[in-house]
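With the hints as your guide, set chain B onto chain A.
One letter stands for each residue in the lines below.
Number of protein chains: 2
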Amino acid sequence: MTAYVYVSLKKTVLDPQGKTIQSALNKMGYKGLESVRQGKYFEITLDGGLTREQAQAEVERIAREVLTNPVIEEFRFSLAD
Amino acid sequence: MTAYVYVSLKKTVLDPQGKTIQSALNKMGYKGLESVRQGKYFEITLDGGLTREQAQAEVERIAREVLTNPVIEEFRFSLAD
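Chains as they are written, first to last, in this note's numbering: chain A, 1 to 81; chain B, 1 to 81.
Don't take each hint at face value.
Chain copies aren't distinguished; within one or between two, either way the pair holds.
What the hints assert, rightly or not - Here are the computed lysine to aspartate or glutamate pairs in the EDC-like style, where the Cα-Cα straight-line distance is at most 16 Å:
| no. | residue 1 | residue 2 |
| --- | --- | --- |
| 1 | Lys11 | Glu34 |
| 2 | Lys10 | Glu73 |
| 3 | Lys40 | Glu74 |
| 4 | Lys19 | Glu34 |
| 5 | Lys31 | Asp47 |
| 6 | Lys31 | Glu58 |
| 7 | Lys11 | Glu73 |
| 8 | Lys40 | Asp15 |
| 9 | Lys19 | Glu43 |
| 10 | Lys40 | Glu73 |
No lab work stands behind these hints, which were simulated from the structure alone.
Same shape as in the complex, but just chain A (with noise of 0.2 Å):
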């Protein structure tokens, strides 16, 4: 089974980050852009002995405990067989 977290920056936090990569592209010619906030990916692979369950219910506590810095980040996460 696998996992992927997807941590974010709160929409409240600035995103330096993101309005350089934003401000890059405008200055490259792209257009349409209202804004860019970048954040991280985890793709976790599991293995085959957790049920579903207990696989949600790890990986929200990686994704809680350690993956995210709930002050200023969010995370959603999603599993895939």
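Just chain B now, with coordinates in the frame of chain A:
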């Protein structure tokens, strides 16, 4: 319209950052992990002037030409209203 671009290392490329996260998680007692790979994630808000086809083409061009290093990385993206 919002585009979500996911950039990850090609499967054949070693991901030392992911390996480090995996071994840290194992030492911290999280079980059942077979592998961890880290990538980047971009959330691009496009202004309303673009049709879905134009947005798709523009985002693909940005992802291919700027956000991804084609030698070691691959990308996928999705569009949402």
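We went through each hint and held it up to the structure:
no.	hint	verdict
1	Lys11 with Glu34	within (14 Å within a copy, 32 Å between copies)
2	Lys10 with Glu73	within (5 Å within a copy, 26 Å between copies)
3	Lys40 with Glu74	both (11 Å within a copy, 15 Å between copies)
4	Lys19 with Glu34	within (10 Å within a copy, 35 Å between copies)
5	Lys31 with Asp47	between (44 Å within a copy, 9 Å between copies)
6	Lys31 with Glu58	between (41 Å within a copy, 8 Å between copies)
7	Lys11 with Glu73	within (9 Å within a copy, 27 Å between copies)
8	Lys40 with Asp15	both (13 Å within a copy, 14 Å between copies)
9	Lys19 with Glu43	between (26 Å within a copy, 12 Å between copies)
10	Lys40 with Glu73	both (10 Å within a copy, 15 Å between copies)
In this structure, every one of the numbered hints holds.
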